[in-house]
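J.: Next come the chains, spelled out residue by residue.
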Amino acid sequence: AQTVTQSQPEMSVQEAETVTLSCTYDTSESDYYLFWYKQPPSRQMILVIRQEAYKQQNATENRFSVNFQKAAKSFSLKISDSQLGDAAMYFCAYRGLNTDKLIFGTGTRLQVFP
Amino acid sequence: EAQVTQNPRYLITVTGKKLTVTCSQNMNHEYMSWYRQDPGLGLRQIYYSMNVEVTDKGDVPEGYKVSRKEKRNFPLILESPSPNQTSLYFCASSLWPPSGRANYGYTFGSGTRLTVV
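If you read the protein sequences in the order shown, they are chains Z and S.
Its first residue numbered 8, the first sequence is counted upward by one per residue in the working numbering.
Its first residue numbered 15, the second sequence is counted upward by one per residue in the working numbering.
Since the hints were derived computationally from the structure, they do not count as laboratory data.
Hints are all accurate, no fakes.
Below are the DSSO-like pairs computed for lysine-lysine, each with C-alpha atoms no more than 27 Å apart in a straight line: (1) Lys108(Z) x Lys83(S); (2) Lys77(Z) x Lys62(Z); (3) Lys71(S) x Lys108(Z); (4) Lys108(Z) x Lys79(S); (5) Lys32(S) x Lys85(S); (6) Lys79(S) x Lys31(S); (7) Lys108(Z) x Lys85(S); (8) Lys83(S) x Lys71(S); (9) Lys80(Z) x Lys108(Z); (10) Lys108(Z) x Lys62(Z); (11) Lys32(S) x Lys83(S); (12) Lys71(S) x Lys85(S).
Just so you know, these numbers come straight off a predicted model, no measurement behind them.
Please build the complete structure, drawing on both the sequences and the hints.
T.: Put into structure tokens, the structure is as follows:
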């Protein structure tokens with residue numbers, strides 16, 4: 008069965024600095040999707056970025072980028088120029104190409120200090 | 015606007031009093047799912063549905079029921095709630111099967127904070 012592990016329960020960063028959130032996963036599938044979701048205090052689950060496993064190029068969305076290492080089964084999220092509004096819980100998630108279920112990690116709470 | 019609507023957003027109830035959390039989506043998605051979120055455990059799937067009248071258990075189905083009589087609605091039923099069901103609940107929907115590589119994401123509702131006392 009697939010699993011997703013986020014080993015950092017909490018992280019903190021100073022405003023305007025860069026922070027990296029870690030995520031590793033375990034799967035025997037060769038094609039799949041990986042996601043980072045942001046959950047601010049409003050509780051809404053917001054899709055931050057998505058990576059398709061067949062693509063070697065790392066996904067980027069404005070200040071958010073990933074470091075996808077398929078062989079190492081690692082999918083870290085880098086937030087550049089951190090802003091106070093980035094403070095939230097961040098979840099890493101996995102979905103196989105032929106499966107319906109989205110599997111989540113346990114989350115990393117990010118604090119941003121002025 | 016494409017969305018998943020959950021109600022209520024907050025609910026406090028007493029042990030044993032039956033309750034229903036409603037979920038509705040307007041995107042004509044075949045797949046719908048319920049998750050619960052607990053500190054340190056992330057989101058865990060309770061039940062899911064591939065289409066009308068097709069439902070199946072997720073990872074933590076005990077104490078919950080669901081139904082899918084219409085494509086757009088997928089209510090979560092707690093027939094006899096207990097304090098260990100105090101949690102944050104999310105409904106989500108997705109195309110199934112995905113019609114293209116852009117369609118693998120879920121759309122989430124805004125969550126229901128349930129407290130059982």
